[in-house]
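Residue numbers (our numbering), protein chains in the order written: chain C, 129 to 445; chain E, 129 to 445.
These are computed hints drawn from the structure, not numbers from a lab.
You may find that some hints are simply not true.
Since the list gives no way to pick out one identical chain from another, each pair is judged satisfied if it fits inside one copy or across any two copies.
Said to hold, decoys possible - Each computed DSBU-like pair below joins lysine-lysine, with the alpha-carbon atoms no more than 30 Å apart:
#1 K421 - K217
#2 K217 - K373
#3 K225 - K254
#4 K406 - K307
#5 K419 - K225
#6 K362 - K173
#7 K162 - K329
#8 K254 - K419
#9 K173 - K254
#10 K162 - K141
#11 K217 - K162
#12 K257 - K398
#13 K362 - K254
#14 K320 - K362
#15 K320 - K225
#16 K398 - K421
#17 K162 - K406
#18 K257 - K225
#19 K217 - K419
#20 K225 - K421
#21 K430 - K162
#22 K406 - K421
#23 K173 - K419
#24 K421 - K373
#25 K421 - K329
#26 K362 - K398
#27 K406 - K257
Number of protein chains: 2
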Amino acid sequence: MDLAAGIDIGGTKTKLGLVNQSGECVVDMNFRTKEYPDLDEFLDKTIASVHSLVAQVGSPVNLLGIGIGAPNASNTRGTIEYAPNLYWKGIVPLLEKLNQRIDVPLKVTNDANAAALGEMLFGNAKGMKDFIVITLGTGLGSGIVSNGSMVYGYDGFAGEFGHFAMLPEDGRVDGLGVKGGLEAYVSATGLKRTIMYLISKHTDDSRFRSIAFNDLHGEEITEAAEQGDPIALKAFEYTGQILGKALANFTLFSQPEAFFLVGGLANCGKWIFEPTQKYMDQHLLEMYQGKVKILSSGMAEKNAAISGAAALIWSAQ
Amino acid sequence: MDLAAGIDIGGTKTKLGLVNQSGECVVDMNFRTKEYPDLDEFLDKTIASVHSLVAQVGSPVNLLGIGIGAPNASNTRGTIEYAPNLYWKGIVPLLEKLNQRIDVPLKVTNDANAAALGEMLFGNAKGMKDFIVITLGTGLGSGIVSNGSMVYGYDGFAGEFGHFAMLPEDGRVDGLGVKGGLEAYVSATGLKRTIMYLISKHTDDSRFRSIAFNDLHGEEITEAAEQGDPIALKAFEYTGQILGKALANFTLFSQPEAFFLVGGLANCGKWIFEPTQKYMDQHLLEMYQGKVKILSSGMAEKNAAISGAAALIWSAQ
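Turn these sequences into a full structure, and let the hints steer you where they fit.
See below:
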């Protein structure tokens, strides 16, 4: 059986799986990234895990390669560079060191690009040539596909919309210190910051007046919106307004047929999709009106991060 | 001799020429677009002009095709759509109608994309795979090349940076009504608007206090800066600050190796290049620092608009 390994390296967990041509993850496992502060031990563990997954498949496996999604990864150099959420500092020669351990094709890119490739091969972007995936987790990531190809940029760091200074310079500071950076507003964390801001600004009664920032979770904000909590409702409207205007502006770059909203904040469903659509439509230039969709991921039933990483290998077959 | 025809359709003039493999325009001519309000007459004149140019070349010509740069052009549909500066309204089926008149390959794209292709084939972007050309004329246009290919978008309208709402919503209104749109600040016209704004704001003595907006020209602003006129100096600093910050943000999209500044405002030379570079460097994320150049066109000696349009044909050989 032809299978590609997909590995998603995150600050907390590393997830691995073997993925078939339909994007289905036939076996998978995960371990805690933080248990391996030594890079060589992490890589030994990773390769041992791939072999163990191969052994778990009942029939003989033809391993086509290993695709890896990782923060701050350069596809051209095969490196992870200065990733703030990982132990291994500086420039990590990831593929070079993996090559010493296993003899199959290896590819790496950042997690948002992997998500975009996964959507194109296995999800809701099948058949599309121009689209952008926006990942809304702790931060905001983006993977851009233009004319059927990933936009990687000069050395692999294209698609960093999270740090776009859309807001005034006296706005919130994002994770990289950008003033008014988009992800400080539009991300799972940004939504929490907005709840705090609205509590400071308005006098409405709200359950969030008795919850500390660190105890606040996205699902709770959705639940509160469903119960009509005025601060939760305002928070989604505020977030959708900023994201909608941003998407209208991003359309000026590569004129995508669709934006896909995926990850934590996207799981809030209509609460985030509806205001985003409304404000995007308000701000789109006439020449784009009616041509840009906002869609949800088609990878929800699949193991999105693993299948996306494996798409690096499947897209090259 | 193998030659490609290049045609640049502008609101005022239509320029045509025959271009060799090195991007040199061996014969050229132009006529006033406005003398042909009837589309069919315009197209007849255009094709007659191409035949006339072919006849002017001493030796036999193998005409490889005709490339056209035009405002609001869709490469996928071969149309010009709702171009505000042209007589022909609505959707103009340009290539379909030209096909009825001549039997050679025909291609069309917007003028900024043609400029980018010209720069890649014949100019200073030779050998680059990721770069962005910014045209600074009446408005601000942009042509994006990613991994060696033009970014055209879903139906040909990618690369409209001029309408990016970088500035606050109570900012200037641009040519398409966008509040705070970039080209209202950064373009030949934007520079003139900035002169008026600075006269309203400051009390410095300046030659521009005795020149009306409609009588003001870009060359004069450069000349004034060279003579130390304080309003002219402030105007370039202000423009470079906005453009530099915008380029730092646009880097987040496709991570270009270089931005090329071309056209009217770029002819102001160091007065615009130096502040733009300074402010871009201040705003670039650390991962991009030292990797993004701001360059001038390599097409100055060539007939840039004609050679760029012809590059549509040469790039397909």
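Right, here's what the structure says about each hint:
no., hint, result
1, K421 - K217, "between (39 Å within a copy, 27 Å between copies)"
2, K217 - K373, "between (36 Å within a copy, 29 Å between copies)"
3, K225 - K254, "neither (34 Å within a copy, 34 Å between copies)"
4, K406 - K307, "both (26 Å within a copy, 18 Å between copies)"
5, K419 - K225, "between (45 Å within a copy, 26 Å between copies)"
6, K362 - K173, "neither (46 Å within a copy, 59 Å between copies)"
7, K162 - K329, "neither (39 Å within a copy, 56 Å between copies)"
8, K254 - K419, "within (17 Å within a copy, 34 Å between copies)"
9, K173 - K254, "neither (34 Å within a copy, 45 Å between copies)"
10, K162 - K141, "within (8 Å within a copy, 65 Å between copies)"
11, K217 - K162, "within (13 Å within a copy, 62 Å between copies)"
12, K257 - K398, "within (26 Å within a copy, 40 Å between copies)"
13, K362 - K254, "neither (35 Å within a copy, 51 Å between copies)"
14, K320 - K362, "within (12 Å within a copy, 41 Å between copies)"
15, K320 - K225, "neither (39 Å within a copy, 56 Å between copies)"
16, K398 - K421, "within (14 Å within a copy, 42 Å between copies)"
17, K162 - K406, "neither (41 Å within a copy, 40 Å between copies)"
18, K257 - K225, "between (34 Å within a copy, 28 Å between copies)"
19, K217 - K419, "between (43 Å within a copy, 21 Å between copies)"
20, K225 - K421, "neither (41 Å within a copy, 32 Å between copies)"
21, K430 - K162, "within (25 Å within a copy, 58 Å between copies)"
22, K406 - K421, "within (11 Å within a copy, 38 Å between copies)"
23, K173 - K419, "neither (47 Å within a copy, 35 Å between copies)"
24, K421 - K373, "both (14 Å within a copy, 29 Å between copies)"
25, K421 - K329, "neither (33 Å within a copy, 43 Å between copies)"
26, K362 - K398, "within (14 Å within a copy, 48 Å between copies)"
27, K406 - K257, "within (25 Å within a copy, 36 Å between copies)"
Of the numbered hints listed earlier, those contradicted by the structure are 3, 6, 7, 9, 13, 15, 17, 20, 23 and 25.
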